[in-house]
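Put together the whole structure using the sequences plus the hints.
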Amino acid sequence: MVRQELRLTGSGGQGLILAGIILAEAALYDGMNVVQSQSYGPEARGGASKAEVIISKDTINYPKVNECDIMLTLTQVACDKYIKSLKPGGTLIIDKSLNNIPSRDDITIYKVPILETAINKLGKPMVANIIALGSIYELTRIVTKDSLERAVCDRVPRGTEELNKKALEEGFNLIKAHKEECYGDVC
Numbered sequence: 001m002v003r004q005e006l007r008l009t010g011s012g013g014q015g016l017i018l019a020g021i022i023l024a025e026a027a028l029y030d031g032m033n034v035v036q037s038q039s040y041g042p043e044a045r046g047g048a049s050k051a052e053v054i055i056s057k058d059t060i061n062y063p064k065v066n067e068c069d070i071m072l073t074l075t076q077v078a079c080d081k082y083i084k085s086l087k088p089g090g091t092l093i094i095d096k097s098l099n100n101i102p103s104r105d106d107i108t109i110y111k112v113p114i115l116e117t118a119i120n121k122l123g124k125p126m127v128a129n130i131i132a133l134g135s136i137y138e139l140t141r142i143v144t145k146d147s148l149e150r151a152v153c154d155r156v157p158r159g160t161e162e163l164n165k166k167a168l169e170e171g172f173n174l175i176k177a178h179k180e181e182c183y184g185d186v187c
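So for the sequence shown, full-length UniProt numbering puts the first residue at 1; every next one is plus one.
There's no promise every hint is true.
Below, simulated DSS-like cross-link-like pairs (lysine-lysine); rule was C-alpha separation at most 27 angstroms, straight line [what the hints assert, rightly or not]:
(1) 111 with 145
(2) 145 with 57
(3) 145 with 64
(4) 176 with 121
(5) 111 with 84
(6) 121 with 96
(7) 81 with 64
(8) 81 with 96
(9) 111 with 87
(10) 84 with 96
(11) 176 with 96
(12) 121 with 145
(13) 121 with 111
(14) 165 with 176
(15) 84 with 124
(16) 124 with 145
(17) 165 with 145
(18) 124 with 166
(19) 87 with 145
(20) 57 with 87
Simulated from the structure, these hints should not be mistaken for lab results.
Next comes the structure, spelled out in structure tokens:
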């Protein structure tokens with residue numbers, strides 16, 4: 001990997017901006033160059049939000065993501081809004097709850113139950129963002145596992161480290177399980 005551009009999208013309150021910060025910090029721990037930015041609608045919760053992370057071994061001269069290599073989305077609104085920014089050959093990770101899968105034959109799509117796992121398996125919807133990070137890691141290996149776990153533990157509230165480590169592991173497992181279930185370009 002020389003350079004990867006990622007966009008994490010969803011709605012305000014899902015923790016994707018924190019996830020972007022954690023991913024950027026993990027890359028810094030690995031000695032990579034990183035740029036992280038975020039934006040969200042005027043609503044504090046419920047509005048569209050996105051976090052962008054550029055990770056590179058080389059100097060990063062432009063701090064914005066134009067066409068991302070990897071896009072993760074937890075809501076239909078965010079998917080519809082940002083899907084055009086995923087470059088041909090890119091990878092889309094979408095939550096299983098999304099009804100309308102983008103009809104693009106030039107990308108690989110992983111449809112995984114991130115929100116369902118957070119709620120039903122871990123009993124904590126607020127760890128969906130960490131499950132999402134685990135899924136990104138397992139698919140890309142963009143940072144080391146140790147750096148990602150360290151960045152998670154450095155950023156989550158004290159006393160929740162073990163829960164968040166479990167959430168990370170669940171994210172790893174979701175992608176492992178769904179790599180085997182590909183239907184055309186949808187996995």
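Evaluation of the provided hints:
1. 111 with 145: 22 angstroms, holds
2. 145 with 57: Given that 27 angstroms is the threshold and the Cα spacing comes to 18 angstroms, the pair holds.
3. 145 with 64: The hint holds at about 26 angstroms.
4. 176 with 121: 17 angstroms, holds
5. 111 with 84: Judged against 27 angstroms, a Cα distance of about 18 angstroms means the pair holds.
6. 121 with 96: 15 angstroms, holds
7. 81 with 64: 17 angstroms, holds
8. 81 with 96: The given pair, whose Cα atoms are some 18 angstroms apart, holds under the 27 angstroms limit.
9. 111 with 87: Distance of about 18 angstroms is within 27 angstroms: holds.
10. 84 with 96: 20 angstroms, holds
11. 176 with 96: Answer holds: residue 176 to residue 96 is near 15 angstroms, not above 27 angstroms.
12. 121 with 145: 22 angstroms, holds
13. 121 with 111: 17 angstroms, holds
14. 165 with 176: 17 angstroms, holds
15. 84 with 124: 32 angstroms, violated
16. 124 with 145: This hinted pair holds, its Cα atoms lying about 23 angstroms apart.
17. 165 with 145: 11 angstroms, holds
18. 124 with 166: Within the cut-off at roughly 11 angstroms; holds.
19. 87 with 145: 26 angstroms, holds
20. 57 with 87: 20 angstroms, holds
The structure is inconsistent with hint 15 alone, although it conforms to all the rest.
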